[in-house]
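*Asks:* Residue numbers (numbering that gives the first Met the number 0), protein chains in the order written: chain A, 0 to 204; chain B, 0 to 164.
Keep in mind that the hints were calculated from the coordinates and are not lab data.
Be a bit skeptical, because a hint or two may be false.
Said to hold, decoys possible - With beta-carbon atoms standing in for the labels, derived distance ranges:
1. A:THR78 <-> B:GLU21: 43 to 49 Å
2. A:VAL121 <-> B:ALA65: 46 to 52 Å
3. A:LYS93 <-> B:SER106: 19 to 25 Å
4. A:GLU18 <-> B:ALA104: 45 to 51 Å
5. A:VAL121 <-> B:ALA69: 37 to 43 Å
6. A:LEU130 <-> B:GLY17: 23 to 29 Å
Glycine included, C-beta positions come from ideal geometry on N, C-alpha and C.
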Amino acid sequence: MPVAMMQPAAREDVQLVEEALSGNALSFQLLVERYQERIFALARRYTKSAVEVEDIAQDTFLKAYRRLETFQRQSSFSTWLYRIAVNTALDFLKRMGRSPVRAVEDPELTAEPSRGQAGSGVHVDAPEARLQREEIARVTHAVLEELPEIFRTVLVLRELEQLSYQEMAEVLGISIGTVESRLFRARARFKDALLRLHPEFAGGD
Amino acid sequence: MKITCDDARVLVPGYLDGELSEAQASPLRAHLLDCQACRESAKAGRALQRWFEPLREQPSEVAVPAGFAARVARRALAGDPGLLVPEEPASPFARRSQLSFLLVACSVAAAALFLLALAIQRQSLPATNGLEAQGRPPWLQTSEERPADFGAPVAEPRPARSERR
Numbered sequence: 000m001p002v003a004m005m006q007p008a009a010r011e012d013v014q015l016v017e018e019a020l021s022g023n024a025l026s027f028q029l030l031v032e033r034y035q036e037r038i039f040a041l042a043r044r045y046t047k048s049a050v051e052v053e054d055i056a057q058d059t060f061l062k063a064y065r066r067l068e069t070f071q072r073q074s075s076f077s078t079w080l081y082r083i084a085v086n087t088a089l090d091f092l093k094r095m096g097r098s099p100v101r102a103v104e105d106p107e108l109t110a111e112p113s114r115g116q117a118g119s120g121v122h123v124d125a126p127e128a129r130l131q132r133e134e135i136a137r138v139t140h141a142v143l144e145e146l147p148e149i150f151r152t153v154l155v156l157r158e159l160e161q162l163s164y165q166e167m168a169e170v171l172g173i174s175i176g177t178v179e180s181r182l183f184r185a186r187a188r189f190k191d192a193l194l195r196l197h198p199e200f201a202g203g204d
Numbered sequence: 000m001k002i003t004c005d006d007a008r009v010l011v012p013g014y015l016d017g018e019l020s021e022a023q024a025s026p027l028r029a030h031l032l033d034c035q036a037c038r039e040s041a042k043a044g045r046a047l048q049r050w051f052e053p054l055r056e057q058p059s060e061v062a063v064p065a066g067f068a069a070r071v072a073r074r075a076l077a078g079d080p081g082l083l084v085p086e087e088p089a090s091p092f093a094r095r096s097q098l099s100f101l102l103v104a105c106s107v108a109a110a111a112l113f114l115l116a117l118a119i120q121r122q123s124l125p126a127t128n129g130l131e132a133q134g135r136p137p138w139l140q141t142s143e144e145r146p147a148d149f150g151a152p153v154a155e156p157r158p159a160r161s162e163r164r
């Protein structure tokens, strides 16, 4: 995409990247300021500790700076940064021994999905009628923590960060088809885990 | 254009995620109006999504510390690699180097073991090569090899019978 056709924010991102690459600390600082809230929020999806969130965010930006030359000008800086942040968070969990089941250990992760058949046939109720919003957030967070990391990550990116399928594909380095099938399985697993932990939310067939 | 329930099952997640074009969404909406089973399925998908809304809207408990951006920018430009994560995932070149090192180390270890085994074997063998013992025992030697005094009377002759008597 020609620079002239980019959205103003994206054009500014590219410009700030160019300036940072030529050694302008203030330009990189502006990039950090622009994205720090989102990266902190994303890191918080993986750990509750404020210190750890800051460590993940800091490492994300330091890593981004070291790789700045590899940033493709035609792509979105935020998506590129998200990709680094997700990998940094997952590396962090692995290092801390808190990484949930990985793909190789989970046969379901490698199988082809069959639409409409994943998970139990039981639906879950929408939550609001029974719980306070803080309680729902707490339950959802706990269920997410039960999931294998690749399922947790697609749900975080889609449901919490509200990335599009295309953005998710870029962040995760996978095809849109894989995003769809992984998301489909992730939702089925989320539902199953929610019902296992809270069978009272079963809504029937 | 009419779609089937199978088509609808495939399209519903994208519909709920706002990923369908109008050309895809329109026949799906028509199908959902007609088909109660698919409508229930879409409703269940929507109900599941609603579990994430409070978490999404929850204000962040972790505030960005004051001066974070300036500090990070300063560290980045100073070449700070960060605290948590290894520099990069091992590059193919690095992996190749590690493999080469392992190969060389194994070869050296194997050669050392071979030499050690050879040395032990040599120590346990007689001084000469081959299966022959060192020289033949006198009783196997030919007359040419035999020393001149071989077969001479033994040093301690038995006492004469006459003496015993």
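*Asks:* All the hints need checking, so say for each whether the structure fits it.
*Replies:* Evaluated hints:
Roughly 25 Å separates the CB atoms of THR78 of chain A and GLU21 of chain B, a value that falls outside the hinted 43 to 49 Å. At roughly 48 Å, the beta-carbon separation of VAL121 of chain A and ALA65 of chain B lies within the given 46 to 52 Å, and the hint holds. Distance hint for LYS93 of chain A and SER106 of chain B: a CB-CB separation of about 33 Å, inconsistent with the stated range 19 to 25 Å. Here the CB-CB span from GLU18 of chain A to ALA104 of chain B is close to 47 Å, well matched to the stated 45 to 51 Å.
Restraint check, VAL121 of chain A to ALA69 of chain B: a C-beta distance of roughly 52 Å breaks the suggested window 37 to 43 Å. At roughly 26 Å, the beta-carbon separation of LEU130 of chain A and GLY17 of chain B lies within the given 23 to 29 Å, and the hint holds.
When the structure is compared with the earlier hints, violations turn up for hints 1, 3, 5 and for no others.
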